[in-house]
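A.B. asks: Residue-level listing of the chains:
2 protein chains.
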Amino acid sequence: MSALTAAAIQTAPIFGDVSGNVARALARVPADCRLAVLPELCTTGYQFASRDEAIALAEPVPAGPACQAFRDFAARRDTTLVAGLAELARDADGRERVFNSAALFRPDGTWAVYRKVHLFLDEKDLFAPGDRGFPVFPACGTTVGLMICFDWLFPEAARTLALAGATLLCHPANLVLPHCPEAMITRCLENRVFAVTANRVGVEHRAREELRFIGLSQIVSPRGERLACCDGVAEGAAVALIDPDATDKQITPRNDVLADRRPQAYRL
Amino acid sequence: MSALTAAAIQTAPIFGDVSGNVARALARVPADCRLAVLPELCTTGYQFASRDEAIALAEPVPAGPACQAFRDFAARRDTTLVAGLAELARDADGRERVFNSAALFRPDGTWAVYRKVHLFLDEKDLFAPGDRGFPVFPACGTTVGLMICFDWLFPEAARTLALAGATLLCHPANLVLPHCPEAMITRCLENRVFAVTANRVGVEHRAREELRFIGLSQIVSPRGERLACCDGVAEGAAVALIDPDATDKQITPRNDVLADRRPQAYRL
Numbered sequence: 001m002s003a004l005t006a007a008a009i010q011t012a013p014i015f016g017d018v019s020g021n022v023a024r025a026l027a028r029v030p031a032d033c034r035l036a037v038l039p040e041l042c043t044t045g046y047q048f049a050s051r052d053e054a055i056a057l058a059e060p061v062p063a064g065p066a067c068q069a070f071r072d073f074a075a076r077r078d079t080t081l082v083a084g085l086a087e088l089a090r091d092a093d094g095r096e097r098v099f100n101s102a103a104l105f106r107p108d109g110t111w112a113v114y115r116k117v118h119l120f121l122d123e124k125d126l127f128a129p130g131d132r133g134f135p136v137f138p139a140c141g142t143t144v145g146l147m148i149c150f151d152w153l154f155p156e157a158a159r160t161l162a163l164a165g166a167t168l169l170c171h172p173a174n175l176v177l178p179h180c181p182e183a184m185i186t187r188c189l190e191n192r193v194f195a196v197t198a199n200r201v202g203v204e205h206r207a208r209e210e211l212r213f214i215g216l217s218q219i220v221s222p223r224g225e226r227l228a229c230c231d232g233v234a235e236g237a238a239v240a241l242i243d244p245d246a247t248d249k250q251i252t253p254r255n256d257v258l259a260d261r262r263p264q265a266y267r268l
Numbered sequence: 001m002s003a004l005t006a007a008a009i010q011t012a013p014i015f016g017d018v019s020g021n022v023a024r025a026l027a028r029v030p031a032d033c034r035l036a037v038l039p040e041l042c043t044t045g046y047q048f049a050s051r052d053e054a055i056a057l058a059e060p061v062p063a064g065p066a067c068q069a070f071r072d073f074a075a076r077r078d079t080t081l082v083a084g085l086a087e088l089a090r091d092a093d094g095r096e097r098v099f100n101s102a103a104l105f106r107p108d109g110t111w112a113v114y115r116k117v118h119l120f121l122d123e124k125d126l127f128a129p130g131d132r133g134f135p136v137f138p139a140c141g142t143t144v145g146l147m148i149c150f151d152w153l154f155p156e157a158a159r160t161l162a163l164a165g166a167t168l169l170c171h172p173a174n175l176v177l178p179h180c181p182e183a184m185i186t187r188c189l190e191n192r193v194f195a196v197t198a199n200r201v202g203v204e205h206r207a208r209e210e211l212r213f214i215g216l217s218q219i220v221s222p223r224g225e226r227l228a229c230c231d232g233v234a235e236g237a238a239v240a241l242i243d244p245d246a247t248d249k250q251i252t253p254r255n256d257v258l259a260d261r262r263p264q265a266y267r268l
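In order, the protein sequences belong to chains A and B. Going by our numbering, the first sequence opens with residue 1, and the numbers climb by one from there. Going by our numbering, the second sequence opens with residue 1, and the numbers climb by one from there.
These are computed hints drawn from the structure, not numbers from a lab. No experiment lies behind these values; they were computed from the predicted model shown. The beta-carbon is built from N, C-alpha and C at its ideal position, and this holds for glycine as well. You can trust all of the hints, since none of them are fake.
Example chain A residues on the side facing chain B (calculated, C-beta under 8 Å, incomplete):
(1) Val-117
(2) Phe-120
(3) Lys-124
(4) Leu-153
(5) Pro-155
(6) Leu-163
(7) Ile-185
(8) Thr-186
(9) Thr-252
(10) Arg-254
(11) Asn-255
(12) Asp-260
(13) Arg-261
(14) Arg-267
Next up, chain A with everything else stripped away, as it sits in the complex (with noise of 0.2 Å):
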């Protein structure tokens, strides 16, 4: 693969204005980028006041309106979109569940899911927790690993993600603690891989307290540096060009940050 120019589109969804937040959204993807990460629930907002809400505004994946208005953007524009929004599901026994999921969308028109595993406080009220792990998928020429906001607190996301191949997380957010930018940049060491943080802005208040989101939407590479990042307030785009088969896991001639690993010394 040659590089991609990547971009972490930084939005103020209007809670519950669906059609306008995915207008809105890809309205703010760069003409020439090969990968376009959006942040998490960005079609509907954050702040559901009940799982009734949340089931309401929730869709299928990829049948749903957003999912298509992004599967269309991706074929239209040659461009690999990761996008957070409530995932409506049934499970065996045809009852619903509400998934608080990130999905791709190539530009061949496949798409693929990956909901959320550490859900971060009243979320536990609202979404069922991811069923299918740290999956990776083929995307963009590389191979990419999904992970969503909080997840950035639990090494073990992207270590599972590195392990399984990834060379590249992107990371739809709607972060409001304010350690995430940093801690994505030892994430990005520890495992060598490159990380596109897509974080929102604006402030909710709906059912429950008040909520900020800390925006600072931004690329971080293999060895830690900070490609480029969004202010704390604006919507905007952070636009890099990457190549994550240019990067080797050697973070020393003699160390690799996979390889040295030893876990039989990580056993308790």
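Assemble chain B onto chain A, guided by the hints.
C.D. replies: Just chain B now, kept in the frame of chain A:
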């Protein structure tokens, strides 16, 4: 347990001057501290020219002369002391082995040792890799975990210690890469532990390339706050009052950083 005063002691050892290095390091331990952490290989210096030189300067734990000085000091000053040193041991066949170790000495004369698991660069030519995993030890009224320098890069190190019950990581170091001070903030956040990183300063240029050690010894809280730190060039001490047993694992009222782990999702 009640709160205790902890110190990260930052020194610039003179290569090979074991008795002088020990005396100068101990002279920097504040009178009132109950835990002092000294740098990696603080008795000998870092850059051994050969494995034979490492063997010649290494000592058995706890019978060696530096260990005896540390034990005496711990008892006399009622302080728990953690120090990095080259440990001489024999394997089952009587062959000499050298470990890059951290020894812990309690005021009551008892001791414990950790042998560095993740060896950095040319350490692979000098030392045997740690053969005892990441054990934790009761000390200063809590549960202490030991890790050494480059172990910072592997999230499994601090994670294993935290899962085994460590509330306080003692981390002797000889850092040359720039990333560890920030990464240790991530380690403390993701495990909700304290960390005392004692690094050295100064330059060594012996057998191999010149090494410039970055200092910046620090004490970090479970909330990722840098409670105390040294500069990048001078010997000194970073001192803070900490209470490891007053903290819990709740990064939010509904999120426990250990209980929220989902090991099933981390399978490849």
